[in-house]
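A.B. asks: Listed below, chain by chain, are the residues.
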Amino acid sequence: MRDFPLIFEQSVSGRRGFGLPDPDVPARPLEELVPQQALRRRPPALPEVSELDVVRHYTRLSHRNFSIDEGFYPLGSCTMKYNPKLHEEVARLPGFARLHPYTPEELAQGALQLLWELGEELRELAGMDAVTFQPAAGAHGELVGLLVIRAYFASRGEKRTRVIVPDSAHGTNPATAAMVGYEVVTVRSDARGNLDLVALEEHLDERTAAVMLTNPNTLGLFEEQVDRIAERVHAAGAQMYLDGANFNAMVGITRPGDQGFDVMHMNLHKTFSTPHGGGGPGAGVVAVKSHLEPFLPVPVVVREGDRYRLDFDRPQSVGRVRAFYGNFANLVRAYAYLRTVGAEGLRAVAEHAVLHANYLRVRLAPYYEIPYDRICKHEFVASGVRQKRRDGVTTRDIAKRLLDYGFHAPTVYFPLIVEEAIMIEPTETESLQTLDAFVDAMVAIDRECQEDPEKVRTAPHTTAVGRLDEVRAARSPDLRWKPA
Amino acid sequence: MYPEDYRYSTEHEWAKRENGRVRVGITRFAADRLTDVVYVELPQVGSEVRFMQPFGVVESVKAASELYAPVSGRVVEVNERLRDHPELVNEDPHGEGWMIVVEATDPSELDRLMDAQAYRQHIGEA
Amino acid sequence: MRYIPTTPEEREYMLRLIGVRSVEDLFADVPDSVRLRRPLRLRPALSDPEVLRYLGALANRNAHADRLTCFVGAGAYDHFVPPAVWQLVGRGEFLTAYTPYQAEIMQGELQATYEYQTMVCELLGMEVANASMYDGASALGEAAVMARDLTKRDRVVVSRAVHPEYRQVLRTYTEPLGIRVVELPHEAGTTPPGPRELNGRTAAVVVQHPNFFGCLEDVRGWAEAAHGAGALLVVACSDPLAFGLLEPPGALGADIIAAEGQPLGNPLNFGGPYLGIIATRQEFVRRMPGRLVGATVDRHGRRGFVLTLQTREQHIRREKATSNICTNEALNALAAAVYLSLLGPQGVRQVAELCLRKADYLKSRVAELPGFQLPFRAPTFHEFVVRTPRPAEALVRALIREGFLAGLPLGRFYRGMRDCLLVAVTETRTREEMDRFVEALERACRRGRQAVGGRVL
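Each protein sequence line maps, in turn, to chains A, B and C. The opening residue of the first sequence carries number 1 in the numbering used here; numbering runs sequentially from there. The opening residue of the second sequence carries number 1 in the numbering used here; numbering runs sequentially from there. The opening residue of the third sequence carries number 1 in the numbering used here; numbering runs sequentially from there.
This is chain A alone, in the form it adopts within the complex (with noise of 0.2 Å):
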């Protein structure tokens, strides 16, 4: 079989796919509006193709995807939910699409006000005070929320040094802490899979600057005792930030203001609904607490009287992070979807996307190990230890197989604390069909681990291609095509 070829192998000398206008000023040589040696000596080697081609290309490729267009994404701790198709057109809008950055604030009114009601709603959301949204994901959003706290302790005259985190903790949390300059402090998890409130209070200490939580955490439980470790880090002069990003499980059930969080991310690819772009872009809004908002990135945006404006005088401000507000073209998204949704429906939404978690972790339990088996929120870690010590298929197999079944695999291996890991996250938007559909595919699976090991062992047996060598990729890293 033929291997699916490169754009670049597809490329004629001389074949074009544009049709740019002819220079319509006067032609002068080039030399005199650029100095000879400044001039590119080799041109690159980009593919020289005709429309048709590039169409056809990519178009081909994309059958080549999986999408939640396609099918159902199971994926714990990612929040795949359907991305309406209302929200392209809005987010097409030439007065958003086309609009520049450095427009003068008086003739950008609309989005300034968008940004300005999106940011009401989120605070409403959220319990908080302020938000910014500048950050261009749920990673990007940790930065500024660790930043931010930072500066606030130097504002105090306070040193502090130290960023705690627990075991089950997505890999961003102890990343940025880094970033920022922190020591990572982990945690471990108690029996129940909340956070050990006795081990955490041997971590905590004057040198303690926060602690970032996720909530409901990484096993899909909720922090039954997070009033309580709220109260205790708040004792220790510290600050509790939310990981956002199982969010979706709570909205207008509790609010992380409410829980005793000083500052949050928001991961707006995740519970808005805005579209996961095959890795991005994204978009990760940081709320925050009163005593946190002069430290907030500049610029933010203010309402005065019926304008809107963008304040950029903020001395206690931590800067930037990016150029320009934020993944705008998202932020359009997110408040389109919650202009649909509005108050009742979000609270259906944590509410379904809790229902299915649970209706998934009960028909699975007979066939799967489930470490921590009680009621969950959004998303629940199943394992796959039953089926490695019994017939030798590792969760990885399993994952592959699934693909052949038409489903994305979960999140698998993660959070780290649970062996052969399978996190599940059904989202509200998938129908009680489809859940069926998928269990019933990993009922067959574990029949197959039993009957047939090696037909999981050796899948997926249907995809575009089988079993890739990451071995191979990793030892002779091969990063780009290079012309023969």
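None of these hints come from the bench; they were simulated from the model. Small disclaimer: the values here were computed from a predicted structure and weren't measured. There's no promise every hint is true.
Straight-line C-alpha distance at most 20 Å; calculated EDC-like pairs for lysine to aspartate or glutamate [stated by the list, open to error]:
(1) Lys455(A) - Asp298(C)
(2) Lys152(C) - Asp111(B)
(3) Lys320(C) - Glu41(B)
(4) Lys363(C) - Asp24(A)
(5) Lys363(C) - Glu433(C)
(6) Lys320(C) - Asp24(A)
(7) Lys289(A) - Glu158(A)
(8) Lys16(B) - Asp84(B)
Here the structure of chain A is known, so what remains is to put chains B and C in place on it, guided by the hints.
C.D. replies: Using the frame of chain A, we list chains B and C on its own:
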């Protein structure tokens, strides 16, 4: 499986005395657990390593583990073959897959490590 | 709710199967003290047509680039985006896919990213490019941290002719890590290379090329100066299309390039999402932040693509990762790949040449206007600074009434430049638009003079 004349650390490095110098690598147990090694980051010849402090990193596709020096001293040799053939760590961890040779400043540090039998117990293979 | 398919009967069935009586029971683990016991106070929900109407009205209150003829750039450029780009990129298969962790069903995304990485390398003259960063400014912040890691030094020297917002981001990223940022003044619009500010603690020199004022920097000279001091040269760039025509920084000795990829097929979007590009030399790849796609083979020997060298990343290396970045700007990178495929080598050259020639035309015309001056002599690409007879802010306001977004007044970023305007010209501007713009500028200044009795405001 685990040579009797080597010393072993709790972090799964082995150390082998060679006329005052010490050859260092990781154990078969560690290599198996890492699965296919794809990259080994090693110090430069001439650099100093300290007892049970990190001196490099060994990576598989999905994991990265720090390497801890089983003895303090100056690095006098580095296994350059691992640059292009990291698989040697899996194929022959106690031989061709060695990592560095150290001119030890305090060879008595090796006495603080385990012998083969203690190590086998440590990893539950005794 | 609009997007929940579950019927009341199905809901009851699921509750029964779970073994609880009500949805409320599913939240029994949420302590009462933190429950929200009132409805959320949000704006009322709207129907689909109402959402479209409401947000459409907000969009209509913005003076976008089809309403005002756009002569502002400064890091965001109004290039022509062929319709094929977003008709392809907007396909649900790309738009609604997740990060390609399951490679076998994500060959489309992975291969397109591999192609993107190749095209970026070709355009910038570099050996490796990653799958994308957030934007040019944050890519620059990460590049500085990368230079620190590579050199084990803690000082970064940056030209003041680097985009002011990029410099702010650079400070935010480096300050908590104890990296000292030293700024180099520009002289007549460029930053002449020299060892003055370089010493044994300098990890990197950062220059922008073409720089914020549109001027070409002596990248080769800076590479020599930086390397002579044992430092790396980081080149920032806000429009990589320049290298359709100009010698790319990779060929001039740059070690890391941090660029803004918005000009490669991405809409203005009021500032985002854009596309952060980072490219470097092969030997530095293991210190690079962000995702990388590599080619390999499947179990039948067929070519395929995977995310690779992942041990650099946060999900494996945690606090020792090269960066915390996870979600990137994959869709914008895809748009860049489609855009560069459509243009090809001739296309990027032609776009760059059109930009250069048109900008040169406007620059010469504006320079002839009474009271207008070009403060900088250095050659420019598609952007230039002009000294105006009225404060630039006032002039921009006056030009809005004539239908033009005249440029970026530099007073907001540089003291002593209140009468300077940064003007950009892309291939989308026509001679006719530029001629009208010049007339409007002249009129605005004449009116300004008359308004204050002959004294130039």
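A.B. asks: Does each hint fit the structure? Answer for all of them.
C.D. replies: Structure-based check of each hint:
no.	hint	verdict
1	Lys455(A) - Asp298(C)	holds (16 Å)
2	Lys152(C) - Asp111(B)	violated (34 Å)
3	Lys320(C) - Glu41(B)	holds (14 Å)
4	Lys363(C) - Asp24(A)	holds (15 Å)
5	Lys363(C) - Glu433(C)	holds (14 Å)
6	Lys320(C) - Asp24(A)	violated (54 Å)
7	Lys289(A) - Glu158(A)	holds (19 Å)
8	Lys16(B) - Asp84(B)	violated (24 Å)
When each numbered hint is compared with the structure, violations occur for hints 2, 6 and 8.
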